[in-house]
Amino acid sequence: MKFAVLVFPGSNCDVDMYHAIKDELGEEVEYVWHSETSLDGFDGVLVPGGFSYGDYLRCGAMANQSNIMTALKEFAAAGKPVLGVCNGFQILTEAGLLPGALLRNKNLKFMCRTVTLNVENNNTLFTNQYAAGEQIEIPIAHGEGNYYCDEETLASLQANNQIVFTYDNNPNGSLQNIAGIINEQGNVLGMMPHPERAANEIVGGADGLKLFTSIVKQWREQHVNN
Amino acid sequence: MKKVKIYVTLKESILDPQGSAVKGSLEKIGYGEVADVRIGKYLEVTIADTDRDVDTIVKEMCEKVLTNTVIENYRYEIEEA
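The listed protein sequences correspond, in order, to chains L and C. So the first sequence is numbered by my numbering: it starts at 6 and just counts up by one. So the second sequence is numbered by my numbering: it starts at 118 and just counts up by one.
Misleading hints may appear alongside valid ones.
EDC-like mimics (lysine to aspartate or glutamate), calculated; alpha carbons at most 20 angstroms apart, straight line [unchecked claim]:
| no. | chain 1 | residue 1 | chain 2 | residue 2 |
| --- | --- | --- | --- | --- |
| 1 | L | Lys111 | C | Glu129 |
| 2 | L | Lys78 | C | Glu180 |
| 3 | L | Lys111 | C | Asp166 |
| 4 | C | Lys122 | C | Asp166 |
| 5 | L | Lys114 | C | Asp133 |
| 6 | C | Lys128 | L | Glu157 |
| 7 | C | Lys128 | L | Glu156 |
| 8 | C | Lys128 | L | Glu149 |
| 9 | C | Lys181 | L | Asp60 |
With the Cβ distance kept under 10 angstroms, some of the chain L side facing chain C (calculated, not the full set) [as the list claims (entries may be wrong)]:
| no. | residue |
| --- | --- |
| 10 | Arg109 |
| 11 | Cys154 |
| 12 | Thr158 |
| 13 | Gly178 |
To be clear about the criterion: a stretch of chain C counts as covered by chain L if any three or more of its residues have a C-beta under 8 angstroms from a C-beta of chain L, and this derived list gives those stretches [to be verified]:
| no. | segment |
| --- | --- |
| 14 | 126 to 133 |
| 15 | 182 to 188 |
The hints are simulated quantities; they were obtained by calculation from the structure and are not laboratory data. Please read these numbers as outputs of a predicted model, since none were measured by experiment. Where a beta carbon is used, it is the ideal one built from N, C-alpha and C, also for glycine.
Work out the full structure: start from the sequences and follow the hints.
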């Protein structure tokens with residue numbers, strides 16, 4: 006399976022994402038600069054964390070105007086897997102690929118620590134290697150991770166099981182403790198916590214690795230004849 | 118040339134913790150009559166002479182980039198520059 010890691014000016018988790026795929030997962034991965042116009046040849050796209058365009062105007066607002074976003078929207082519409090982490094999640098909401106928005110943390114602090122997440126939906130291409138209700142330890146590092154959407158959107162997220170991860174102890178004031186959501190089609194996941202920073206015990210935990218092995222497992226089942 | 122003054126505010130349903138912190142500070146220094154503070158953004162966009170309808174393009178820019186309509190409202194004034 007071949008992954009693309011999108012890179013914008015100010016992305017800073019792109020190298021961690023690349024490392025998780027290449028060295029921990031053992032799959033193919035390439036960086037794709039924001040000015041590129043095609044994602045042909047890739048099977049999955051990872052939108053990494055950081056501070057694209059210095060968070061100017063709003064987090065993700067400038068990145069959403071990049072050339073590569075047109076290709077990303079087509080890629081997502083084709084049902085292929087797209088994962089946005091942290092600033093990547095913010096970019097996906099700005100792009101309208103996921104509903105809602107990420108607001109300033111309720112306590113106005115930049116939160117940087119490992120948190121416990123509940124796997125609310127393990128029936129997705131990103132979470133099939135987790136047990137239902139499993140608790141996992143994943144680091145967060147954000148100042149604007151307070152998920153918000155209107156009541157109607159929340160009702161539809163709940164009705165369609167689109168809330169994939171929740172915080173066990175809400176660090177940022179997010180609605181319904183939401184840490185990560187998936188689109189209705191089930192191929193675009195956005196989450197504030199960083200699974201790529203928890204891909205090896207040597208850095209304090211490997212609970213994030215199963216998210217990536219889930220993607221690969223699903224892809225192999227669909228594309229590889231044994 | 119036109120100067121467009123754009124005011125972006127958080128929707129009423131959105132909590133503004135930054136505004137609350139500022140309100141707390143104002144109260145602390147003796148302005149107990151402050152009932153609420155909401156913080157927004159102000160943009161000045163200067164537009165060169167164009168055949169396109171300025172009102173239309175300002176609305177487009179606000180909806181596409183300058184604001185996030187999930188969480189923000191906007192209003193604007195167009196002046197001769």
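So, going through the hints one by one against the coordinates:
1. L:Lys111 <-> C:Glu129: Answer holds: L:Lys111 to C:Glu129 is near 16 angstroms, not above 20 angstroms.
2. L:Lys78 <-> C:Glu180: This hinted pair holds, its Cα atoms lying about 18 angstroms apart.
3. L:Lys111 <-> C:Asp166: Outside the cut-off at roughly 43 angstroms; violated.
4. C:Lys122 <-> C:Asp166: Holds, because 16 angstroms separates the two Cα atoms, which is no more than 20 angstroms.
5. L:Lys114 <-> C:Asp133: Status holds; Cα separation ~14 angstroms.
6. C:Lys128 <-> L:Glu157: holds, 16 angstroms
7. C:Lys128 <-> L:Glu156: Between C:Lys128 and L:Glu156 the Cα gap is close to 14 angstroms, so the pair holds against 20 angstroms.
8. C:Lys128 <-> L:Glu149: Satisfied, since the Cα-Cα distance of roughly 17 angstroms is no more than 20 angstroms.
9. C:Lys181 <-> L:Asp60: Distance of about 17 angstroms is within 20 angstroms: holds.
10. Arg109: Holds, about 6 angstroms.
11. Cys154: holds, 7 angstroms
12. Thr158: holds, 9 angstroms
13. Gly178: Given a least distance of 8 angstroms, the restraint on L:Gly178 holds.
14. 126 to 133: Contact hint for the segment 126 to 133 of chain C vs chain L: holds, 3 residues under 8 angstroms.
15. 182 to 188: Result for this restraint: holds, n = 5.
Violation of the numbered hints given earlier is confined to hint 3; every other hint is satisfied by the structure.
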